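**Student:** Here the protein sequences come in this chain order: V and Z. If you read the first sequence in the working numbering, its first letter stands for residue 4, the second for the next number, and so on. If you read the second sequence in the working numbering, its first letter stands for residue 202, the second for the next number, and so on.
Fair warning: there could be bad hints in the mix.
To be verified - If you want a taste of the chain V side facing chain Z, the calculated C-beta under 8 Å gives, among others:
#1 Lys25
#2 Val29
#3 Thr64
#4 Asp79
#5 Met93
#6 Glu98
#7 Gln99
#8 Ala193
#9 Tyr209
#10 Ile311
As the list claims (entries may be wrong) - Rough simulated footprint, nothing fancy, chain Z against chain V, three-plus residues with beta-carbon under 8 Å:
#11 39-51
#12 127-134
#13 215-229
I should point out that these hints are in silico values taken from the structure, not numbers from a laboratory. If you're wondering where the values come from, they're calculated on a predicted model, not measured in any experiment. Note that the Cβ used here is the ideal one computed from N, Cα and C, for glycine as well.
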Amino acid sequence: MSVPSGPPAIDVRGLRRAYDVKPTRVVALDGVDLEVPPGEFFGLLGPNGAGKTTLIKILTTLLLPSEGTARIFGFDVVEDVKRIRRIMNMVAGGEQSGYGILTVREQLWMFSQFYGLTRADGWRRVDELIEAVGMGPERLQRVSTLSTGQRQKMNFARGLLNDPWILFLDEPTLGLDVAAARSVRELVTAWKAAVPGRTVLLTTHYMAEADDLCERIAIVDHGRILAIGSPTELKKRVQRESIFRVELDHLDGGPATLAALPGVVSAAPAADEGGPADRQSVTLNLILEEDGALGGVVVALSRLGSHILALRKSEPSLEDVFVELVGRGFADEDGPAPAAFAPAPLVDDAHVDVA
Amino acid sequence: MSVYEFRHTESPQAAADWTRRQIVMTDLRAVGGRAYPRINGMLREPSWVFFEILLPFLATSAFVFVYRALQAPPQYVGFVVLGGAMTAFWLSVVWMMASQLYWEKSQGNLELYFAAPMGFMAILFGMAVGGIVMTSMRAAVVLVVATVVYGVTFEIDQWFLLLLVFGLTLAALYGLGMILASLYLVWGREAFQMNQLLIEPVYFVSGLNFPVMNLGLVGALAIATIPLAVGLDAMRQLAFVGSPFPVGTPSVEVEIVILIAMSIGFVLAARVMLAALERRARRDGRLSIRWQ
């Protein structure tokens, strides 16, 4: 099966949304343009208050835009509300929906009726999904007695009841432990892979989750999209040089020998080498103009009689991308980070001296 | 087909294009779906026996003893018992219809209801059907217990007409509940104060414990506007046929017409208001902002 041709799964043009929050007017979305093709797993990455949830509310027809247009598979979010609601579903993290007095099975069946499944189909579908999300033992348990992770699995089953073409996930793993979060991610991936053209819009502020799941990511802050691209493309934006960590048995002449080589920007001892104190090896951080310069370094080391014990390329993380774009980390959502909490370096080895 | 593909559709456009029959059937199923937790919930919370039967029974008993002490005609005890049973419906309309959407919003259900493809009126009908089934059982228990304990004698000639009036009263009451629910969609915490305002004054002007005709012009106004008042008045006329004194006014036939007009008018008004208020709530962001 191939991805159905047709309009984009999400097509947003000049979208703006402001709230009248006395005494000021808060702009939650400020001229967002976004196009997501059918079949893509797309992520919105940004801190709280960035505008992610507002965008999802507009796309799920729960909120009207102040300006601009938004379309789901060609259907306008203002005019074609019912059509959009027939082909989408949504799951939010920390969702407490439903009625605690019902069992898991009953709760899901109730929601199945809102999507037009027949009575019998509803029960059958519910039983299938309960098994799929691994809630067989809890199927007759009251909703009010479920743990956070169990509840979120149930919410996810609810989101799949109507076989949506587009699934909106708003912080779906919020508050879940590692195992439950992994389980939810696996479910999403399996569901999307089952039918070409199924589209997922995920909002999260968990960098690793976005990196792991999304084909493309938009970084959002203060109602604006700051950058869009695949995780690899986004990381490349902040990695202008190649950074390697190399461990040698010895190095005659010290790091300066390597720093003088063509294509080498800097060579410096790693600040924290770890390992036993009596170790004789030397660990260096090498910053190269490009990956190709590594060949010259290897040849030079060979001439110097040094043996490479370990070599690892350091990759920037999405958090580095965010810090570069926004000027602050996720933990510092209210403004630029003070000096004592300066943004992390652009590579995942925190001790690398990039200066 | 796998568990991850239940209803195969060729494209999102094909999946979004529903037939008229699909739309109607989805709305009907949604009514049943929303009624389900109310009907089943009733059977799972035995505490309602205490709160919703014993307490209304005690409140009714107070008036019974007052009337007996005043040596009022025995029909007055019957009026109180009938009024006590109907109290359950008004409480249901106020707490389980009018302010229900506020609770639903607080729980996060409201946005899921609106994000689903059925018409929202189906949710209101489902709430009403569930509320009627649940409350009818409670009202029936109050009626039977109070009738037996206080030895009330009903004189009914036209059972069908009585049941018709009862049904129309519920239709008008829950239609009014739908209107209030629509209003509560854009109200916030004020809903609590509104509920308090709607209970005691309505009890009084509806003549819950006495014939509403005793209130003169206020009673006439209540009959023209409040389903509980007109329904009770008609039911008393039909349930105490041999009463030596006038039980109600105007005639049952006129009150049936009023109830029919209220039932249709309230439901239509609720539909129009819901559409308008939903749009306003989407504009203001009130469908999903909780605790406001």
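**Student:** Does the structure break any of the earlier hints, and which numbers would those be?
**Tutor:** Violated hints: 1, 2, 4, 9, 10, 11, 13; rest satisfied.
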